[in-house]
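Asker: As they're listed, the protein sequences go chains A and B. Start counting the first sequence at 66; every next residue gets the next number (the numbering used here). Start counting the second sequence at 9; every next residue gets the next number (the numbering used here).
Worth flagging that the hints you see were computed from the coordinates, not collected in a lab. Treat the numbers as computed from the prediction; the structure is a model and nothing was measured. One should not assume that every hint holds.
[To be verified] Part of the chain B face toward chain A, derived, beta carbon under 7 Å: (1) 168; (2) 172; (3) 347; (4) 350; (5) 369; (6) 371; (7) 406; (8) 493; (9) 555; (10) 558.
[Claimed, not checked] Output of the computed footprint for chain A on chain B, the stretches with three or more beta carbons under 8 Å from beta carbons of chain A: (11) 106-113; (12) 147-158; (13) 223-233; (14) 268-278; (15) 433-443.
Built from N, CA and C at the ideal position, the CB exists for glycine as well.
One letter stands for each residue in the lines below.
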Amino acid sequence: VWPEALTVDRFLAGARRRLVLLRAIEGAAAGCVLGALIGAVGGPLPLVAFTIALAMAVRVTLGDRWQTGWWKSMPAIARQIERRTTQGRNLLVTAAELPRGTRTYVNDAVMKRAASIADALTPRELFPLGRLLGALGVSIVVLLATRVGTVAIIDVADRMLGGSSSPVISRLVFNVRPPPYSGLRVATLTNPSRIEALANSRIEVSIEAVGATVRMETLAGTQELTRSADSFRGNFVATSDGFVAIEARDSTGKPGTRSLVGLTVIEDRQPRVALTSPGRDLFFSTVPATLPVAVSADDDLQLATLHLRYTAVSGSGERFTFVERDVPMTISRANARSWTARGTWNLAQLDLAPGDLVVYRAIATDRRPGASPVESESYVIEVVTPGAIAAEGFAADDQRDRYAVSQQMVIIKTERLIARRGSMVSDSVMEQARLLAAEQRQVRAEFVFMMGGEVEDLAAEAAGTLQLNEVAEAEAEGDLLAGRQQNRGRIEMMRAIRAMSRASTALTETSLDQALRDERSALDNLMRAFSRSRFILRALTQRERIDLERRLSGSLSLTAGLSGPGVEPAPDPRIASLRRLLSEVAALSMADSSRTSVTNAALALLRADPSSEPVRRIVDRVQAASRAGRVPSTTVDSLVRQISALLDRMLPRAPNVSVDIEASALAGTLRDAARRRVPQ
Amino acid sequence: MRPTVLRTAAFGVAVLAVLDPSLTSERSARPLVAVVSTDHDVLAARARDALDRRFTVVRGVSDAASATVVVGEMPDELKYATGPVFAVIPARRRPDIRIARIDAPVSPQANAQVTVDVHVPVVGATGRDLHVQLTMDGLVVGQKTSTVRADSTEVSVAIPVSPDAGAKVLQATARLNGEPAADSASFVMNVRDDRLPVLFFDSRPSWTSTFARRVIESDTRFSTVHRVVTSRGLSNTAGQAPITLRDLESTKAFATIVVGAPDQLSEGDVSGLETFMRRRGGRVVLVMEARSSAVLDRLSGAADWTGAQLAVPVPITDAAKVELLRARELFWPARLPSAASVHGLHTARDSTEKPIVWSVPVGAGRLIISGAIDAWHYRGAGRDSSGFDAFWSSMIGGQSIAAPAGVELRISPSLVEPGQHAEVRVTVRDAFLSEREQVSARIRASLISDRDSTAIRLWPAANPGVFTGAVVAPRNPGTYRLNIQSGRERASAPLVVVSAANRPVSDKSDLLSAFVSSRGGVAITENDLNRLPSLISSAVESVSRVETWHPMRSPWWIVPFALLLGAEWWWRRRNGLA
């Protein structure tokens, strides 16, 4: 190929590339217009993208003459160039058609002239892109407009045609500024559907909107935002779950669409503190000199203090002296949220005497200003006399089953002895029975102590008599008459004690079968005595004695005339809000509901129950649906089902019964007839 | 042949015509078979074709028919059929679904969750999914999917809905996965927004009664009044609680009376409760406390009470062994009175069942007795929790709804097409339950629409206080209300008119089979249609009848008469005599 031909070929190739680009742009523009039409009728985004790609491919493949392979023919490219310029004088077409293999004079002359023309021309000038790019831009705008939604188009159209700008919120920016003590960073959220903030965080609101004013509503109230250069600004402190409703208004006060953002407030959790060692009540008859102690604490943000505090109580009756101090400890900080502390408590310094009590607990605080300290469970160190330690158990009602278990054990042992009786010599049976009698007396003694007043009976038993103390019984008559023993716990307990006495006697006499019957009778009485409707009067220690002067008292007549109105509970506001939202959402499908009323209904629901996660989810969905403009019926149905499901969970189940007075009367008549026939 | 003979023969014919002689003969007749069909015209035509060769077939019920064949559903007029009745049951498509029944309260309360049970018989769809969708006033309010487990089965789907007050039209639609065809059925629910009046009357403070009252007091469906007698002459009250239970006038405003510590009731109070149940149709709940009394036992019919204190709380279940309550102290009668229903029972270790919560009808009312003495103890959350709140809410709610109002109104069906008849039945409670000889009741009925009101005529029925009638559905679709007024008592129910009412269609083939069997026939399926003629032939006796024939009454005697006279004339003409 001679140089001139090479120049011409290179020029034609450049022109071909330019033409391909032009066809691609034309295809893209047409594709965007088609995609906009598809989007306007609700077509999905992938279909729109496919349409654009297909239009480009078709336009590039088929070219101007709707023939494939147009780009292969250089003469055709040259003809398109000739149509664009008068300089070619058909020489470019001729040069493109000349065979490259043979050089003749004429060929050389034509190619030389064509090469000079090609040098003077550029594809960019021959095939400018400007207008096509403009068309492409317009079609892209149309496409985007359909994707933004009909609401935005209507808004824009309103503004363009009406000349007045309807208030529209275009951008919401929230800066969540946690309280300084937390050490957390500021978080910036743009157009969020929900805000999560630590309690007492300051939330700075920046709104970009078209409108004269912007109003912000929270559970705390409503405030007008301040206009700055290009936005409206305001702030509030997040104290509880709720919402932020933003509404732009025009100069006449007409509101635009309300934007609703859920607000979730995360409370600063109190520190958790635990006494890991010793972590239990201690009873000493001899107080040790030192006691190792360990405490652990953690917090969700930062711990501030941790110490072990004790209160030493000495005295008796209701005259106590209290001393409150801290135990020195060494704190290990794994991080700001998790601390441990260890120390050795010098108990010798306290000069504890029998009867004294020390209550100790760990105390931690976090960095929240004004936060009250958190205490661990309190434990006691009690200095007791050696005999008093054994009495610890029966002072506690929650261990009451222990007594029944003890009696049950006596029964089991008796049953075993009866089973082995045949294979034992009589002396051994007698010996075993006496041991059991002693055990039965021990169990009985526990209950006698527990009742706190039958020492006389013990004495009587010791004297070998099991007669009732008639004086005590006579004294109890007053209780019986006054109905105070309607609660029969004490009676049952007395019966149990007496049955135990009989069992003990029978065991002593090696009358095992009789003893077993009495033991079981005692157990039955015990179970009744400890049932839920009864209470046991138990002996109180000196320290626990009730000071009657501090008790409230009154006369029976004060209870007369207690009357009030009949009870008709008000419907749950959440249910009313859900029903309202349900009707508004349902009306969306029939275009009977405006977006504003739906948003207001959602707002009312959020106001009724701001901390409920299901409510938030529903409100988010309703918001999204109302923003989308046209709401498909499937979305409405789905929302209705979601709201209905939440309603179902809140409401009691209605029984499926119907009224049939005639059938009821017939059933009653049949029963009356049956009763007359067979007297019951 | 001589002309004289011909002439004589003609004369003889004329004489016979004058004398009109009669001839008798015995013939076997083709039996008359009636074919009746309401909605299966094609199959009915096939049945007629199959029978046409042997029988005279007529359409519709006929008194003269020797046998009747029913094709498809059983029409009402079939009761007038004579002779044996046969049925041809259309074969079901495969797969086939049909909404046979919808169970839902007709008149539930607002602020309650209503469970709609849709029963769908399914054939030939094993392993496929059945989708059931429930719409209320056109909006989908619930849907569920259930897998079909057998070739021919009934799938029941429970869908909860929470309607607000007013007349609601609910439509259930059932569809098999992948099948375009669906079956749908609609029904009307009249959701009430009134509250159920409940009186708690404790003769002394009672834990169970108190905690049951708290449950009811927190439920928006109830209006609660209480009186707790705390000591002699002293009581705490809320609302207009009667001082005693003796007077019906002071208790009839309540649907249910819950009595705590009933063993303290006086004989007069118990008598008042009985009057409340018999003449008001009210419900009485006795919350027992480990003792009864003779007067209570006379009312309930129970005797030989047993009490037990168990070591651990035990469940009190319904008949399906679903736990309702939990208690340690139980109290039950050794022998239940006749007609008693058990609502909660305890199954002992030896599998004997102890009735703990049970009821008996007393007049038109009902007496419910609970022997779960310490069930209140296990009402809270946690390991020992039970359904204390739900049980009492459901029990008192159900009983209160079942207690009749002053005027009870029933429309059937309440979803009708224009021009369709709906039956109306009104019961005036006080008149119906009155024990007097002379009872009078006046009612006024009207059908109300948005625009006008139409008076409806109702007629007294056999029972005093009961009125019946029919209302014709107006031409314009919409929701109408039928209002009834009797003195100060009022009742109202919706009548919904729609252009096409799809109601559940239950499978009555068993009923039809039983009916035709009782009438000497059999029911066959569509596939056995060719057996029908032989079955009818064997069931119908062949009828021979003696027929009397008057040959001279037929105009055809003119023909031989004319022929004889013509032949005689021709003979004479040929022989030159004429």
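Asker: What hints, given by number in increasing order, does this structure fail?
Answerer: 4, 8, 9, 10, 14
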